[in-house]
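Colleague: Chain by chain, the residues:
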Amino acid sequence: MKITISQPELSRLASMAGNVVPNKSTLPILSTILLNASGEGLSLSATDLDLSIVIKADAEIESHGTVAIPAKRFSDIVRKLDSVDVVLEQKEGSLSISCGRAHFQISTMDAEDFPKLPGTQGVETFVAPSGTFKNMIRRTRFAVSQDLARPSMNGIFMELNSGNITMVATDGHRLSFYKKPEDLQLDNDYGVIIPSKALDQLMRLLPDDGDLEIGIGDNQSFFKTGDIHLFTRLIEGPFPNYQQVVPKGNSKTMSINKDALLVATDRVATLAASLTTRQIKLIIQKDQLALEVANSEIGKAREEIEAAYDEEEMMVGYNATYLLDVLKNMDCEEINFKLDRPDNAGIIEPAELEDGEEYFSLLMPLKLSD
Amino acid sequence: MRSAIRPLAPETINRIAAGEVVESPGSVLKELIENSLDAGATRIELEFAGGGINLLKLSDDGHGIPREELSEALERHSTSKIRELTDIEDTGTLGFRGEALAAIASVSLLEICSRVEEDDSAWAITSRGGTVEQVRPAARARGTSVTVRELFGDVPVRRKFLKSETAEKRRLQSLWHTYVLAWPELAFILREEGRELSHYPATTDMRERARQILGDTTARHMVEVDMESEGYRLTGLATLPLISRGNRSHQFLYLGRRPIADGSVSHAISQAYSEMLVPGRFPATVLFLETPPGLVDVNVHPAKREVRFRDSRRIHHIVNRGLKSAIHGEGDLGQLLARDSDLLLGAPRSGRAAEGDAQKEIFGRPVVDAPFTGGSGGGSPAHSSGHLPGGKPASPLNTRVGGSGLFMSLSTGEDAEEIANSSGVNVNDEQREERLFWQLHNTFILTQIRGGLVIIDQHNAHERVLFDEARAALDGEKMGCQRLLFPHTVELDANEMAAWQEQASLFSDLGFLIEEFGDHTLSVVGIPDSLRRWDDGQVIRDILDDVLAETGGITEKRDRALMSFACKSAIKAGEGMRDEEMRHLVDQLFGTGNPYTCPHGRPIVIRISMDELEKRFHRTVPEGN
Ligand SMILES: Nc1ncnc2c1ncn2[C@@H]1O[C@H](COP(=O)(O)OP(=O)(O)OP(=O)(O)O)[C@@H](O)[C@H]1O
Ligand SMILES: [Mg+2]
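Quick note, the sequences are listed as chains U and Z, same order.
Heads up, the first sequence is in our numbering, so the first residue is 1 and it goes up one at a time.
Heads up, the second sequence is in our numbering, so the first residue is 371 and it goes up one at a time.
Note that these hints are calculated values from the structure, not bench results.
Think of the CB as a built atom: it goes at the ideal place given N, C-alpha and C, for glycine as much as any other residue.
Check before you lean on any hint, since a few could be wrong.
Unchecked claim - Subject to a maximum C-alpha distance of 35 Å in a straight line, what follows is the list of computed DSBU-like cross-link-like pairs (lysine-lysine):
id	chain 1	residue 1	chain 2	residue 2
1	U	Lys-300	Z	Lys-942
2	U	Lys-300	U	Lys-286
3	U	Lys-224	U	Lys-91
4	U	Lys-134	Z	Lys-942
What the hints assert, rightly or not - Covered by chain U, according to a simulated footprint, are these stretches of chain Z (three or more residues, beta-carbon under 8 Å):
id	stretch
5	466–473
6	850–856
As the list claims (entries may be wrong) - Chain Z side only, calculated, beta carbon under 10 Å to chain U, not exhaustive:
id	residue
7	Glu-438
8	Ser-441
9	Gly-650
10	Leu-883
11	Arg-903
12	Trp-904
13	Asp-905
14	Gln-908
15	Asp-957
Please work from the sequences and hints to get the whole structure.
Modeller: What follows is the structure, given as structure tokens:
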């Protein structure tokens with residue numbers, strides 16, 4: 001293999017692929033990036049076996065070949081080169097990198113050992129707007145469970161049919177839901193769970209404009225944007241039956257300025273930073289919301305803000321971090337806080353939504369028996 | 371009328387002497403076991419009847435006694451183990467007087483049957499009250515069996531001193547266990563009138579043997595002891611203060627591997643635990659002492675039960691320090707880590723000379739769950755290689771544990787980088803001045819104090835905080851309850867269900883919201899806010915199992931439930947912590963009643979003094995500075 005490629009391009013691609021390379025792996029080959037120069041051009045691949053990336057690149061190919069090259073070392077070197085053309089040439093057991101008057105020769109691993117990556121055959125593919133997709137992930141991702149004992153909650157549940165995309169995430173204490181009408185032209189309906197790791201990569205890689213090609217197979221899925229292919233294993237379901245637990249009857253609505261609530265919550269929660277409890281108390285009265293944190297060891301905090309509320313007075317406790325997560329992911333000025341009883345789930349949604357769009361977050365209360 | 375003075379017949383002399391060596395079936399057994407151990411046995415089998423008074427038969431697979439030496443074995447002062455008196459000093463064997471068999475033979479009907487490797491037949495010899503018969507051919511595999519019948523049969527005076535058969539049997543068994551415990555790499559089989567009472571297979575794991583003898587709970591709560599000081603060494607296992615007994619019967623002490631009793635050691639043990647155990651409660655300990663050559667005399671007691679240490683203060687010291695450091699990490703930390711005043715970063719090193727002897731020791735954190743292996747390694751009979759050149763049979767614990775590994779990792783560059791990176795904060799020089807806490811391998815919190823470094827085990831620390839909080843919750847200040855979106859069902863068996871019903875109010879005080887749902891099912895709709903590991907409900911079963919694990923009073927059960935809860939809720943090793951979380955945890959920790967040991971009794975804090983560090987880096991510390 002011998003190729004010539006511009007340094008900025010190579011550096012960008014190497015770091016993109018490098019993001020998929022696992023930090024620690026028992027399989028040494030997984031710490032490499034596979035470079036492949038063929039009649040179809042140059043491609044860079046990396047995988048942690050669950051998640052794989054293949055990037056096609058523009059390069060001048062003099063001769064074909066495949067090398068597996070230690071990812072971290074490779075991108076470190078390439079990043080530091082001058083921004084001119086780089087020549088990569090495969091040698092016996094090594095790769096030489098030349099750029100201007102700088103020359104490197106680094107050992108490679110046997111490309112034969114590199115895992116065979118999944119293909120795109122036999123999966124139904126469709127196209128969705130990349131920006132929408134990315135935004136939906138961003139606004140639901142925070143509720144994904146980190147608890148490895150409950151794998152089905154370790155990702156976003158994505159429901160697709162010909163008219164809508166729905167994304168749902170929950171960790172059993174809170175839930176985020178986003179549904180958007182989108183003409184997808186699908187033959188089948190799908191419900192798949194996309195693991196967090198893939199979500200993080202998508203957030204990094206997806207452009208705000210343009211198309212995203214999505215393919216869904218039995219236990220894996222791929223996403224293609226521009227020259228980048230991302231393959232991910234899907235989490236096996238079933239996703240918990242969330243529809244059943246989302247309350248329909250939360251009729252007491254408090255309307256409140258989102259930023260005012262976010263700022264006040266963040267301030268008061270300074271005292272709720274304990275490893276043990278993060279409780280923040282919401283004291284809801286006519287047209288006023290008071291936030292309180294009382295920690296017997298540290299002290300107390302209280303802040304009042306204006307709100308539009310004309311129902312029964314109420315006191316509810318929440319985990320302050322959860323509440324902050326919800327508020328940070330609201331892209332709006334006003335929110336509606338829909339309540340029922342202090343023991344039941346509270347629902348927070350933007351006061352205004354686009355036609356056909358549904359977005360809300362649900363919080364389970366945190367009760368201190370006082 | 372007076373009798374003429376005559377020399378006593380040799381048998382009479384033997385009988386008188388026997389009184390010193392042989393006083394009960396237990397003392398016979400002791401001599402026989404020691405002979406088998408000296409013979410390099412890997413498997414020792416005892417058969418007894420009538421509390422050992424009617425029959426004691428000990429068989430081993432050791433090197434045996436050649437035919438021509440059989441009769442000599444029964445003679446007084448014949449031994450194959452030493453040639454001259456000075457040899458006693460260096461003896462690596464348990465026997466050295468050449469007296470035991472002669473003494474036993476003089477007061478019993480004794481038969482030895484033995485075969486050495488090179489011989490194609492076994493040979494037997496019988497002695498009745500000291501009168502030795504002809505050697506005759508017999509059959510057995512390599513090794514020796516010694517059968518002792520009718521102990522004191524013709525010495526009625528001595529027989530009167532024996533206790534009841536049951537009492538003698540108890541003594542036999544406890545003696546048996548003393549040896550079984552110290553020789554894990556040997557198999558021991560005990561039979562009474564043909565019925566097997568116990569069979570301990572050989573193991574390379576000292577803790578496993580301790581488990582067999584002392585029970586699972588005790589063994590699980592034991593930490594490794596390993597302390598060395600000026601040629602003295604103490605190794606072994608000791609229980610964390612959580613486990614204790616009403617007497618000293620679970621305290622085993624060995625010189626090398628010779629069982630001994632020593633008042634100053636008993637005292638040192640009690641002293642080491644005095645802050646943690648109420649008077650009248652005793653820890654279980656299995657301790658192996660090694661002394662520099664020439665500083666101990668084993669030939670002071672006829673049954674070698676006691677030995678004389680040249681410097682018993684040193685012994686007291688090493689036992690006391692060794693145990694303290696095993697159970698706390700470091701003993702006098704309390705004074706050194708007085709909060710606020712000492713938690714000053716960048717404060718100049720205090721002028722006082724460091725804590726006397728403390729600096730000579732290795733501050734080790736016991737590796738609680740790590741099994742350790744027997745000394746001789748490769749599974750060959752330990753004796754040949756197990757004897758230290760220094761003289762005493764080597765202790766079975768030759769693995770070195772403790773702080774040294776920690777020091778190693780602190781000094782490698784890679785780890786230093788990891789410390790800096792682990793908190794996710796970019797440490798530039800300015801910030802470094804500000805930082806109080808570092809997290810090492812997402813497991814330990816490091817902080818600088820005046821005069822040194824403090825290492826806090828994050829899990830143990832959090833466990834202590836949660837345990838105290840949970841206990842407070844039972845007295846009023848309840849814990850937060852996070853309601854669940856999806857109720858969990860937890861299936862229980864009948865015992866667990868009963869335990870649940872007994873402890874229901876405790877669970878609700880801790881912040882669980884649980885409803886009974888049929889006969890065997892709980893429906894969990896809320897869990898404690900602080901609970902980190904819910905494990906799909908497994909935590910509830912675990913707490914109930916801990917409640918059920920042992921009997922005990924209501925408070926004991928409750929404390930066990932709290933401990934189990936604290937352990938499940940506590941941050942684990944391997945979890946990253948933010949700066950403020952570390953600060954908060956350390957604050958909370960030193961607000962608790964006992965910041966030094968977690969509820970299970972494991973150490974939370976270790977301190978390494980500057981002097982210790984300087985010594986390790988071979989820097990010279992100017993006197994009095
Ligand atoms: N089980 C055995 N296997 C092999 N040799 C044995 C065994 N028992 C005794 N002997 C031999 O018989 C000798 C005499 O044993 P005896 O117990 O009387 O004396 P000792 O062990 O040398 O000293 P001590 O009186 O201190 O026990 C031993 O030195 C040893 O050579
Ligand atoms: Mg002997």
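Colleague: So, for every hint listed, does it hold in this structure?
Modeller: Checked hints:
A C-alpha spacing of about 29 Å is found between Lys-300(U) and Lys-942(Z), which places the hinted pair at or below 35 Å, so the restraint holds. Only pairs whose Cα atoms come within 35 Å are accepted, and Lys-300(U) paired with Lys-286(U) is accepted, the gap being roughly 23 Å. Note on Lys-224(U) and Lys-91(U): the hinted pairing holds, with a Cα-Cα distance of about 32 Å set against a maximum of 35 Å. Of the supplied pair hints, the one linking Lys-134(U) and Lys-942(Z) holds, its CA atoms being roughly 34 Å apart against a limit of 35 Å.
Under the rule that three or more residues need a Cβ within less than 8 Å of chain U, the assignment of the stretch 466–473 of chain Z is violated, with 0 such residues. Counting residues of the stretch 850–856 of chain Z whose beta carbon lies closer than 8 Å to any beta carbon of chain U gives 7, which meets the minimum of three for the stated coverage. At its closest, the beta carbon of Glu-438(Z) sits 62 Å from a beta carbon of chain U; the interface hint therefore is violated under the 10 Å criterion. Taken as an interface hint, Ser-441(Z) does not check out: its beta carbon lies about 65 Å from the nearest beta carbon of chain U, beyond 10 Å.
At about 36 Å, the closest approach between the beta carbon of Gly-650(Z) and any beta carbon in chain U exceeds 10 Å, and the interface hint on this residue is violated. The beta carbon of Leu-883(Z) comes within 8 Å of a beta carbon in chain U, closer than 10 Å, and the hint placing it at the interface holds. Evaluation of the Arg-903(Z) hint against chain U yields a held restraint, the C-beta minimum of about 8 Å falling below 10 Å. Taking 10 Å as the C-beta contact cut-off toward chain U, the hint placing Trp-904(Z) at the interface holds, the least distance being around 7 Å.
The interface hint given for Asp-905(Z) holds, since its Cβ lies 5 Å from the closest Cβ of chain U, which is under the 10 Å cut-off. Restraint check, Gln-908(Z) versus chain U: the minimum CB separation of about 8 Å is within 10 Å; hint holds. Given hint, Asp-957(Z) at the interface with chain U, holds; its Cβ is 8 Å from that chain's nearest Cβ, closer than 10 Å.
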